[in-house]
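A.B. asks: If you count the first sequence from 1, position 55 lands on 82 in our numbering, and the numbers rise without skipping.
Wrong hints could be hidden among the right ones.
Ranges between beta-carbon positions, derived for each pair [stated by the list, open to error]:
1) Lys205 to Phe112: 15 to 25 Å
2) Tyr111 to Asp184: 17 to 27 Å
3) Gln47 to Glu192: 33 to 43 Å
FYI, nobody ran anything at the bench for these hints, they're computed from the structure. Because the structure is a prediction, the values reported are computed rather than measured. Virtual Cβ for every residue (Gly too), placed ideally from N, Cα, C.
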Amino acid sequence: MEKALENTKELLLSHQFYQQQALTVARQLLGALLVRRSPAGMTVGKIVETEAYGGPEDKACHAWKGMTERTRIMFGPGGYAYVYFIYGMYHCFNIVTGSEGDGQAVLIRAIEPLAGLEIMSARRNTDKLTNLCSGPGKLCQALAITRADNGVDLCSDQLQLLSGEAVSDSQVIQTPRKNVDYAAGAKLFPWRFIIKGSPFVS
DNA sequence: GCGGAGATTTCC
DNA sequence: GAAATCTCCGCG
28 MEKALENTKE LLLSHQFYQQ QALTVARQLL GALLVRRSPA GMTVGKIVET
78 EAYGGPEDKA CHAWKGMTER TRIMFGPGGY AYVYFIYGMY HCFNIVTGSE
128 GDGQAVLIRA IEPLAGLEIM SARRNTDKLT NLCSGPGKLC QALAITRADN
178 GVDLCSDQLQ LLSGEAVSDS QVIQTPRKNV DYAAGAKLFP WRFIIKGSPF
228 VS
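Please construct the entire structure, taking both the sequences and the accompanying hints into account.
C.D. replies: Now the structure itself:
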């Protein structure tokens, strides 16, 4: 794995890619590789579950009420990390998409662990592969993503995404997003994308 | 300032 | 099914 990731420049997803609409990016990110480099070592996973957030109709989006200090990064151009703290104990990792001023993002909900498994296991305190990164809070813990990563450029070394094997439409399931019941009309938007049959989804 | 609620996870 | 636990945000 480490060897395969030595020369990845041409696989690195560009700022131009992230500046598409959140829905498009959420679908396209399925199968992409999330690469995390930290002092403890490199951890890598394949994205198997995403959710799109954004637009004037989407009450579930943090940016819906306008820009605040927390959501400031969401209103910048796509290609940067938006990390927030939730329920007093967990972090969620998002990818800012669209153009400056849009206020949209894609939540990474689950990845399939591919490299750095020992590091992830130690951070998560479990050996069970399907429990390492099968949820937004879990994968942040496994990859040691915290608010210190808010605003990080996704073309930088510490955190980046590489295009992976193409995922065809027949392998993709779309469903409503999780835990957004409070969001009136937006709660039924089918903006959650899953790789069909993956045991690593949340 | 205060209080409510949240893109969750875990354990009883 | 509820607790853990803390920041953000709206209201005054």
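A.B. asks: It remains to establish, for every hint, whether it holds in the given structure.
C.D. replies: Status of the hints after comparison with the structure:
no. : hint                         : result
1   : Lys205 to Phe112: 15 to 25 Å : 18 Å, holds
2   : Tyr111 to Asp184: 17 to 27 Å : 23 Å, holds
3   : Gln47 to Glu192: 33 to 43 Å  : 20 Å, violated
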